[in-house]
Amino acid sequence: MLSCSHIAQHASDYIDQDVSLFQRLKIRWHLRACIHCSRLVRHLQITLGYTRKLDRQQASLQEAEAVLEKVLAAESNRGTSET
Amino acid sequence: MKLAQDKEFLDRLCQQDKSAFIELVRFYHKQMTAVARGIVGEAQAEEVVQDAWIAVYRNLPKFEKRSSVTTWVYTIVCNAARTRLRKDSRLVQLDSNLQADSGMPAERFNADGAWSRPPPQWDIDSPEQLLEEEQLQDCIEKTTEALPEQQRLVFTLREVEQQSAEEVCNILGVSDSNLRVLLHRARMKLMQVIDRYQETGNC
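Those sequence lines, one after another, are chains A and B. For any residue, its number in the numbering used here is found by taking its place in the first sequence, counting from 1, and adding 995. For any residue, its number in the numbering used here is found by taking its place in the second sequence, counting from 1, and adding 143.
Only chain A is shown next, with the shape it has when bound in the complex:
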């Protein structure tokens, strides 16, 4: 049977379904028998669901306008140096 540290090591791969069928079955077998590892996997799934739902940070309008201003200045300098 796989060890708990092995389950912890492969918990992300298991959740992402990035393990072979044989490995998946072995992990499932362990999770049925081990309350701690099944809790770990459940907590990791909740963590991922949570971080994916968090608001994505966006730049303010002022920040974006400042970026555009610098972009346009660089483009205009480029135009000048090319002529």
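Mixed in with the good hints there might be a few duds.
[What the hints assert, rightly or not] Ranges between beta-carbon positions, derived for each pair:
(1) T218(B) - R1023(A): 33 to 43 Å
(2) L1056(A) - T343(B): 36 to 46 Å
(3) N345(B) - S1055(A): 52 to 62 Å
(4) D1050(A) - A186(B): 24 to 34 Å
(5) A1028(A) - A186(B): 23 to 33 Å
(6) L1049(A) - R201(B): 28 to 38 Å
(7) C346(B) - Q1040(A): 30 to 40 Å
(8) S210(B) - R1023(A): 17 to 27 Å
Keep in mind the hints are simulated off the structure, nothing from the lab. The model shown is predicted, which means the values in this text are computed figures rather than measured ones. Note that the Cβ used here is the ideal one computed from N, Cα and C, for glycine as well.
With chain A fixed as given, assemble chain B onto it according to the hints.
Showing chain B alone in chain A's frame:
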């Protein structure tokens, strides 16, 4: 970005429409800065991102929409960051072979690999319930910002931008196995923040 799939928006963008460009910057700027910081460090990140925006704007008329806007802008910022490292002669290979691990302190397990300190029980059982905890959100943001650079890079692209593993490997030039190790370490750190929050009510 829903807008990035909107044909009318993409057409405006490709014509270098300024209001469309501003929307693009607002959406990606913070995450691009986090990615640049992960490659060149804090001091040069802003400059690199500004260079990347210049390159994005300049190349918009040539954007062929074969790749997604997300993949395209992140590829540009990563290239800008690598160019900066090369100029400073400090380009290090991101893709050294990483050893997979549990992402938890070794003392959590006995010598035979069984738990010596198992995961604590949570009284919250869904992402939606966690979203109601404002203080936890601060803890997660701080922890994400404090992640080691490579972990933050991978986490931003995979979890925040929800890019596929294949796209992230292409953008960052890392192997699939390293990507998985870095992502797992980042996720486990964030999960342990919630463990601590559940046990103590603090970060």
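Now the hints, each set against the structure:
1. T218(B) - R1023(A): 33 to 43 Å: Given a distance of about 38 Å, which is inside 33 to 43 Å, the answer is holds.
2. L1056(A) - T343(B): 36 to 46 Å: Holds: the Cβ-Cβ distance is about 39 Å, inside 36 to 46 Å.
3. N345(B) - S1055(A): 52 to 62 Å: For N345(B) and S1055(A) the Cβ distance comes to about 30 Å; the hint is violated.
4. D1050(A) - A186(B): 24 to 34 Å: holds, 28 Å
5. A1028(A) - A186(B): 23 to 33 Å: violated, 51 Å
6. L1049(A) - R201(B): 28 to 38 Å: With a Cβ separation near 33 Å, L1049(A) and R201(B) satisfy 28 to 38 Å, so the hint holds.
7. C346(B) - Q1040(A): 30 to 40 Å: violated, 22 Å
8. S210(B) - R1023(A): 17 to 27 Å: violated, 37 Å
Hint compliance for this structure: hints 3, 5, 7 and 8 are not met, and every other hint is.
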